[in-house]
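All chains should be modelled from the sequences, with the hints used to inform the complete structure.
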Amino acid sequence: MSEVIVVTSGKGGVGKTTSSASLACGFARRGKKVAVVDFDIGLRNLDLIMGCERRVVYDFVNVINRDCTLKQALIKDKRFDNLSVLAASQTRDKDALTQDGVERVLGELRDDFDIILCDSPAGIERGAHLAMYYADRAVVVVNPEVSSVRDSDRVLGLLSSKTQRAEKGEGNVSEHLLLTRYSPERVLNGDMMSVGDVEEILGIKVIGVIPESPAVLAASNAGVPVILDENSEAGQAYDDAVARLSGEERALRFVDARKKGLLSRLFGG
Amino acid sequence: MSESSPALSPEVDQGQPCELRQAQFGLFLLRLLQADWWGIQGYVADRVGSAPGLLEEAAVVLDIDALTQPPSPEEAADLLDRLRAAGLRPMAIAADPGEQARELARLFGLPSVPRERGRRRQARVEVVAELDSNDHVAPSEPAVGKEVAPAPEPEPEAAAVEPTSTARATPTSSTPATETTGPMIVSQPVRSGQQLYARGRDLIVTAAVSAGAEVIADGNIHVYGRLAGKALAGARGDEQARIYCLDFQPELVSVAGHYRLLESIPESSRGRAVQVVLDGEKLDIRPLNRSAGA
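Quick note, the sequences are listed as chains A and B, same order. The opening position of the first sequence corresponds to residue 1 in the working numbering, with each subsequent residue numbered one higher. The opening position of the second sequence corresponds to residue 1 in the working numbering, with each subsequent residue numbered one higher.
You may find that some hints are simply not true.
[To be verified] Here's a subset of chain B near chain A, in silico, CB distances under 8 angstroms, partners left out:
| hint | residue |
| --- | --- |
| 1 | 189 |
| 2 | 191 |
| 3 | 192 |
| 4 | 193 |
| 5 | 207 |
| 6 | 208 |
| 7 | 210 |
| 8 | 211 |
| 9 | 212 |
[Claimed, not checked] Chain A residues, not near chain B, derived (Cβ > 10 angstroms throughout):
| hint | residue |
| --- | --- |
| 10 | 51 |
| 11 | 52 |
| 12 | 69 |
| 13 | 92 |
| 14 | 101 |
| 15 | 104 |
| 16 | 161 |
| 17 | 176 |
| 18 | 201 |
| 19 | 243 |
| 20 | 253 |
| 21 | 255 |
To be clear, the hints were calculated from the coordinates, so they are not data collected in a lab. Please read all numbers here as calculations on a predicted model, not as lab measurements. Glycine residues also receive a C-beta, built at the ideal position from the N, C-alpha and C atoms.
Below you can see the structure in the form of structure tokens.
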């Protein structure tokens, strides 16, 4: 039974692509056959985060336009045999995505993969709309700040109305909230919204909380999704999120500010 | 003053062929701002197309007071044709009672209705509520409570408006706005950018109404979650309509066009259980007490 999961947010720069890459690797590490699709036509990024940018020959738009087969365009990940990337086109724009084309490509992917992750572009226009339209589940990436929360609220509204499931009355798209760039220290100081604040405003529980961490930037630059950095808190937090998305129960970690020990207080930790 | 009257009053006896009484209906007001007949047709057709359930075949009253000069008889006839082609049904012309009213009535071949009264009772079509672009629905004058705000015309976003199929309002254009059917009940959160309109009835939301969302009803509005968006009760002018809410932190509340913004809402009532009542010209926010009646 294959599943289409959209990673979306409304607002840009909150960590959709970072999250898509890590979730894809996380599911692949658990043995699932995973395809991750970059819907951000014209602003191709996922291939960089996945570290396969030099192997992009054909892209999503080529497949839609039938310039090549899906097989030719899928890039096999070097770390996981069961993980493939479908890159976005850098030279085209969102209008190159057609509803029929997206439906056909996702249909073909469903035949071969357990999980199809759709990395949505920012915004709520065509690209984002098509990325969420065929989804069975949605991971809404949100930062703990007011504008991101409001945009996520808007996106949650669209998920409950502007998706194939909603339009055909086939049940709701399951919604999961992924809180990223979370800094427990700043929450403690009162300059950041807490997990509870965000959950209360949006009315849904988080599936994961990814702490703000330098490891994320380092991982992106290296083309190694941060979930593979098992020493980093962000990597472990993504692994927890994948486990919860797979139905496991795991307690939230990294949401409380660490008590500073005497040494770190003396030397400024 | 306007008690909702039963469909048939008890005095009607069986043999009587018809009944004549005073009644009030929610009508739209179309205020013409420029003598651009073509532009008006396009605008109206657009608006009707974006909210057919609400506006198609809707009865409107024309107000041409803002035009620099009245149209010629040919232009008047042309304008009416254009409005009909765009999907509206012009019913009357708003005018100050007297010679002017008779003149305009002749010009358009429509009855006239007194303007002053209309101003408060009718929802205006000219106020553009574009939720997608985050424009504010209410006029930006800092007026508070007393000011009569034009009730924004709801523009339901076809599917977004009705999150659940059970909540689906099925507005029939033949249903007069004063005839109340059962309430529209919504149990899913109303999220930013969504708009709900309970036409000719009450609206009950058992979840939260987010900031940037809008709930509108011709009748009362009940919100049993947090109300952080806008709530407009009595959208077609029912001054008896009220808003009830358990966690009150709205961007704006309005009853029959009288509105208050968050900044004019006392700190003491925020986050509380309240009811919003139109008391004369003043929009009153009263605490809802579990023990004492309000």
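Here is how each hint holds up against the structure:
no.: 1; hint: 189; verdict: 5 angstroms, holds
no.: 2; hint: 191; verdict: 3 angstroms, holds
no.: 3; hint: 192; verdict: 4 angstroms, holds
no.: 4; hint: 193; verdict: 4 angstroms, holds
no.: 5; hint: 207; verdict: 7 angstroms, holds
no.: 6; hint: 208; verdict: 5 angstroms, holds
no.: 7; hint: 210; verdict: 5 angstroms, holds
no.: 8; hint: 211; verdict: 6 angstroms, holds
no.: 9; hint: 212; verdict: 6 angstroms, holds
no.: 10; hint: 51; verdict: 36 angstroms, holds
no.: 11; hint: 52; verdict: 36 angstroms, holds
no.: 12; hint: 69; verdict: 35 angstroms, holds
no.: 13; hint: 92; verdict: 25 angstroms, holds
no.: 14; hint: 101; verdict: 23 angstroms, holds
no.: 15; hint: 104; verdict: 24 angstroms, holds
no.: 16; hint: 161; verdict: 4 angstroms, violated
no.: 17; hint: 176; verdict: 15 angstroms, holds
no.: 18; hint: 201; verdict: 7 angstroms, violated
no.: 19; hint: 243; verdict: 27 angstroms, holds
no.: 20; hint: 253; verdict: 28 angstroms, holds
no.: 21; hint: 255; verdict: 23 angstroms, holds
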